[in-house]
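Enquirer: Chain by chain, the residues run as shown.
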Amino acid sequence: KNEVEQSPQNLTAQEGEFITINCSYSVGISALHWLQQHPGGGIVSLFMLSSGKKKHGRLIATINIQEKHSSLHITASHPRDSAVYICAPNYGGSQGNLIFGKGTKLSVKP
Amino acid sequence: NAGVTQTPKFQVLKTGQSMTLQCAQDMNHEYMSWYRQDPGMGLRLIHYSVGAGITDQGEVPNGYNVSRSTTEDFPLRLLSAAPSQTSVYFCASRLGTVAGPQETQYFGPGTRLLVL
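Order-wise, the sequence lines are chains Y and W.
The letter at position 3 of the first sequence is residue 3 when you use the numbering used here, and the numbering goes up by one with no holes.
The letter at position 110 of the second sequence is residue 220 when you use the numbering used here, and the numbering goes up by one with no holes.
Everything labelled a hint here was simulated from the structure, so no lab data went into it.
Honestly, I wouldn't trust all of these hints.
[Unchecked claim] Residues on chain W that point at chain Y, a partial pick, calculated with CB under 10 Å: (1) 136; (2) 145; (3) 152; (4) 154; (5) 162; (6) 163; (7) 168; (8) 172; (9) 174; (10) 192; (11) 195; (12) 196; (13) 206; (14) 222; (15) 226.
Note that the Cβ used here is the ideal one computed from N, Cα and C, for glycine as well.
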């Protein structure tokens with residue numbers, strides 16, 4: 001069974017701290033997505049990675065295909081970063097369906 | 111573009127009732143999908159469609175039906191609601207090319223369903 005594990009489950013940080021969220025998956029993948037779920041429930045796509053590293057503003061996502069591991073980093077965290085961050089590997093196939101992690105709930109305190 | 115829209119936002123049903131959750135997208139996406147989100151679990155795929163007239167089952171299809179008569183709409187039907195179907199339901203879409211695994215998915219705002 002294709003599985004995905006995220007850590008930590010919950011994370012509390014002070015404003016300005018550097019945040020790291022980890023994601024491990026079980027078998028080879030075609031791509032890996034990072035998603036953000038706002039406190040109001042909406043889900044938005046942050047990154048899609050198939051190799052290496054991507055950066056968007058204060059967010060950085062990396063993936064190590066050999067280690068089957070991805071990380072999401074937030075630099076200079078801010079209270080507005082408080083959300084649930086979800087890792088979703090795509091194990092390929094013609095449908096390209098995603099498998100979702102349980103999410104990491106991040107709370108950034110001012 | 112409105113993106114992916116879902117109605118209703120919230121619904122209460124009694125056990126045994128049926129209802130349809132609506133999902134529509136205006137981005138001309140071929141691929142559409144329905145997920146449910148339960149506490150302590152990741153999003154789980156219920157049904158998906160790779161184009162008008164084509165649907166398939168996901169991980170948790172029992173108790174749900176779908177159809178795709180147009181590219182824009184992908185309704186999810188609960189045939190006889192059960193308390194186990196209490197959940198938050200998300201519809202999503204993506205373009206649906208051969209690059210599928212690397213396409214951005216767009217999510218609707220979700221429908222909260224409570225079955226008593």
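Enquirer: Determine for every hint whether it applies to the structure shown.
Expert: Hints, verified against the model:
The interface hint given for residue 136 (chain W) is broken, as the beta carbon of that residue sits about 17 Å from the closest beta carbon of chain Y, more than 10 Å. Annotation: residue 145 (chain W) was flagged as interfacial toward chain Y, and the flag holds, the nearest CB pair being 8 Å apart, inside 10 Å. For residue 152 (chain W), the interface hint holds, since its Cβ comes within 10 Å of a Cβ in chain Y; the closest pair sits about 4 Å apart. Taken as an interface hint, residue 154 (chain W) checks out: its beta carbon lies about 7 Å from the nearest beta carbon of chain Y, inside 10 Å.
Nearest Cβ of chain Y to the Cβ of residue 162 (chain W): about 16 Å, over the 10 Å cut. The hint is violated. Below 10 Å, beta-carbon pairs count as interface contacts, and residue 163 (chain W) has none with chain Y, the closest being about 16 Å; its hint is therefore violated. A least Cβ separation of about 7 Å between residue 168 (chain W) and chain Y falls short of the 10 Å threshold, and the interface hint therefore holds. About 17 Å separates the beta-carbon of residue 172 (chain W) from the nearest beta-carbon of chain Y, more than 10 Å, and the hint is not met.
Violation of the interface hint for residue 174 (chain W) is found here, the shortest Cβ-Cβ separation to chain Y being roughly 16 Å, above the 10 Å cut-off. Annotation: interface hint on residue 192 (chain W) violated; nearest CB of chain Y at approximately 23 Å, more than 10 Å. For residue 195 (chain W), the suggested interface contact is broken, since its CB lies about 18 Å from the closest CB of chain Y, more than 10 Å. At a threshold of 10 Å, the smallest CB-CB gap from residue 196 (chain W) to chain Y is about 15 Å, leaving the interface hint violated.
Below 10 Å, beta-carbon pairs count as interface contacts, and residue 206 (chain W) has one with chain Y at about 8 Å; its hint therefore holds. Annotation: interface hint on residue 222 (chain W) holds; nearest CB of chain Y at approximately 8 Å, less than 10 Å. The interface hint given for residue 226 (chain W) is broken, as the beta carbon of that residue sits about 21 Å from the closest beta carbon of chain Y, more than 10 Å.
Violation of the numbered hints given earlier is confined to hints 1, 5, 6, 8, 9, 10, 11, 12 and 15; the remaining hints are satisfied by the structure.
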